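Single-letter residue listing:
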Amino acid sequence: MELRDNSSKGKTIASGLIPFAFVIIMMVYIFGPGADLLDLGIPLPEITIEKVDFVGSEIHATVRNTGPIPVAVAMADVNDRIQPAAVEPDRYLERFETALVRIPFEWNEAEPYIIGITIDDGTRFEKEIEAAAPALEPTLDLAIFFAIIGTYVGIIPVMIGLLWLPFIKKISKQKFNFFLALTAGLLLFLAIDSIEEAVEVSNENLAGSFNGILLIATVVVLSFLGLYYSGNKLVERASSSKIAKPVAIALMISIGIGLHNFGEGLAIGAAVGLGSVAFSTFLIVGFALHNTTEGIAIAAPMSRGKLMIGKLAAMGIIAGSPAIFGAWIGGFVYSPFTSVIFLGIGAGAIFQVIVVILKWIKDEEGENIFSSASVASGFAIGMLVMYLTSILV
Amino acid sequence: MISLLSIVIGLSVIVFFPTFSDAQSEQKTFVTHSGAVVKTSGEVLDPLYTESTVEFDPDEFLRNFEYGRVSISDSGQTIRDYTIIAEDDGIQEISPGIFYNVWTFNGTVPGPTIRATEGDLVRVHFINNGAKEHTIHFHGIHPAGMDGVFEPVGGNGGQFIYEFEAGPVGVHPYHCHVMPLEEHIVHGLYGVFIVDPKEERPPADEMVMVLNGLDTDFDTENNFYAANTIPFYYQHHPIQINTNELIRIYVVNMVEFDPINNFHLHGNLYKYYPTGTDLVPSFYTDMITLSQTERGIMEFEYYYPGKYLFHAHKVEFSEKGWVGLFLVKDNPDNNSQKVEYGT
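The listed protein sequences correspond, in order, to chains A and B. Using our numbering, the first residue of the first sequence is number 1, and each one after it goes up by one. Using our numbering, the first residue of the second sequence is number 1001, and each one after it goes up by one.
Please note that the accuracy of each hint is not assured.
[What the hints assert, rightly or not] Partner residues are not named here, just some residues of chain A that face chain B (Cβ under 10 Å, in silico):
1. Lys11
2. Met26
3. Arg91
4. Thr123
By construction, these hints were calculated from the structure, which means they are not laboratory data. Since the structure is predicted, the reported quantities are computational estimates derived from the model, not experimental observations. Virtual Cβ for every residue (Gly too), placed ideally from N, Cα, C.
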């Protein structure tokens, strides 16, 4: 008996491993004796200038080898005029390796520049900067400035939104469901907004080899699944402990919105960093108005439980404060890849929250949730309100 | 939650520190356009001030004239035999770190400067060792069958002999005339053909400057410009000349894509003989404009020693390599004629 057990176990393991072995054989063949099979066409080198910083009397370009073969950086130019430059740590870039090209150049603030990098085969790659602005030095003053802006954009509007709680508390079940649906509408808008932003950043700054859209899709789905799983665990624990279900849901909403606001912080920090100061003023005012509605999203589920001001304030902080961290990162260590990842995580988090809210409405309303006038109108108005406030950004 | 947090932290660590570079203690320095000295732990990318190790030597080309293998015919005519071999598979480092597929006459861009006296019989034995068809089309006066247009010479050893009487007096380009013509020219199949007058020009320090461009990324815009192919070469290898000595430059514009080029000399003016066909100068200037294959002869003397720039006053071209220096030294033979500043 035991023997048979062992042998069947062995068979299971073997049957699991055999396909792997074939995969390995296939890979070895294609890279070894079968390499000629893949020897089609000429691989074209490619580099991407991911970032350009204006530092003192130098222009710094971060270049990445985003092509299929190693390249050597050979020459730098500013506005198509050849300049002596330095490349650190060295000129040879393996696939996906980055280097910093330092071009001494007396640049003028607010003027546009095109930075060009030529590689060993004579191909020139360029990146256009709309307006030169000094790179932000991570000083304490600036960190405080970003913290204040983050507070203004993230925490204060969310807190103001939370003030609707007593109002939502007093209304009937129908109207309450209206507000829940409104929240879902608001959030759906935010999720789409995050994805759009991620796509934009990826199109402008990420090389094709990162497969930007697929990267975003993967991050959104992974974030959704991860948060959905851990969120369910939280709600399960909530039902067995003292935390009420509405609190758990509100907490999930706060986390989702927090991740989203982190993305907004990134956008503001990056806008200040890129010198588009007028643009960032609009960004700040727009986001502040926009984020007031996020408070409603947290307040709606909380209105069903007891009024817990401490918890509510904590959630406001969870939802709002990531804007501060976002602004710091966006302003000081901006990287397009990081931005895309965080925006994707934020979108996944929000989708997760939407699903939870819709499930909740379903529990209250029954199967056909969108056939209820209050839910349908709430959802629609949520989207509309967000669209209208987004015009301000 | 904790797992999510750790993923976020992990990702951000990966993303914020994309390069874990080894800090190198060895510092290199280089000089910027405005004279600032910059230190780097990495490598210097500098086509301007570093010593060039390029394969083609513009210094050697500058004063090199091929007079051919000379013989005299029964009728007393001087016959000059030249051999020119075309190739189109060469890769040359045309600027530090940048490699380009050059098509060459006798292995260089430009090809050899061939020189004859008016009335000489010129015989160019052309061998095409390239993969494509090539020809040599000389500017000048010759029979139709010697024009290098309707007589394509096949690759891998095809041969042709161009035979004509040298004329008219002047400086002329020669180039491949196979379609697509622009491609054959910009890859480097061109050179200079000088016809001297029977009565020699006054002795001078003579040099050839072919103004050319290189489109290394094939977007029909030149990435580099130069006098004699290598960008910035004469800027960091100044051409040494003497005071009170006649300098004669045979200048030929072979730049494609850009309609015009020009030549500006610092601290001096030159007498200019368009196409070199007349023995009387047409201009006394420091600035001439040259269209495609437009060429001429410049003559000047410097009176004060020192460094003088010469460059395209289309500054884009000079900032992409068409710039050089004359280093004028006191002439040991002509000290008596030296003109003191202020006298």
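Evaluation of the provided hints:
1. Lys11: violated (34 Å)
2. Met26: violated (30 Å)
3. Arg91: holds (5 Å)
4. Thr123: Since the shortest Cβ distance to chain B is 5 Å, the answer is holds.
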